[in-house]
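Enquirer: Residue numbers (this note's numbering), protein chains in the order written: chain Z, 1 to 115; chain W, 116 to 228.
Since the hints were made in silico from the structure, they are not lab data.
For clarity, every value in this text was computed on a predicted model and none was experimentally measured.
Take the hints with a grain of salt, since some may be wrong.
What the hints assert, rightly or not - In silico DSBU-like pairs for lysine-lysine, Cα to Cα no more than 35 Å straight-line:
| no. | chain 1 | residue 1 | chain 2 | residue 2 |
| --- | --- | --- | --- | --- |
| 1 | Z | Lys42 | W | Lys183 |
| 2 | Z | Lys57 | W | Lys220 |
| 3 | W | Lys220 | Z | Lys78 |
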Amino acid sequence: EPEVTQTPSHQVTQMGQEVILRCVPISNHLYFYWYRQILGQKVEFLVSFYNNEISEKSEIFDDQFSVERPDGSNFTLKIRSTKLEDSAMYFCARDSSDTLNTEAFFGQGTRLTVV
Amino acid sequence: AQSVTQPDIHITVSEGASLELRCNYSYGATPYLFWYVQSPGQGLQLLLKYFSGDTLVQGIKGFEAEFKRSQSSFNLRKPSVHWSDAAEYFCAVGNQAGTALIFGKGTTLSVSS
């Protein structure tokens, strides 16, 4: 299965600034996901996205977060006003091309550091 | 509550020795189970998955896992560990497409020579 590509690989931002994390999955997939992993902790689900709409979101995914797929190819996660506790590795994932299960294929991640 | 428990935070195995990483889950619906591996600075790579059928599933890199419904477990095994297997291993449970994968806290595997 082709991999998901995430950009940037590392981003440093000041507290209160907006950040946009980008993901380029293959266009014929149905579901896309964002997960995050705070250093030393487990991977946590943020949101799933289907047919240009949010399918499911976790409690973490509050009003500071938004997702969109602006051009049918890129899939973005925006954090409007970053907080120190947003520092984490953010993973984009897509579904499998041949099943409709929650099998997810992850990108390499974007390490976000909020200072 | 839905959860995944990986009881072992860190395991050290000698190269060539066998490996078993434990995973227990609590899930309200039919569980789909996964093992992912993460090398330092890398993303999550899917090792294997269980959806239904044969409870012993084979994955990449010589790994296998066995689903035991009565024990709510999905332990990962490898008969002979290689130094390149040193990484962090995550067990996860999910269900239908679009729903969240719930991950365990991970087990760090070190391989000694």
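Enquirer: All the hints need checking, so say for each whether the structure fits it.
Expert: Verification of the supplied hints:
no., hint, verdict
1, Z:Lys42 to W:Lys183, "holds (23 Å)"
2, Z:Lys57 to W:Lys220, "holds (20 Å)"
3, W:Lys220 to Z:Lys78, "holds (26 Å)"
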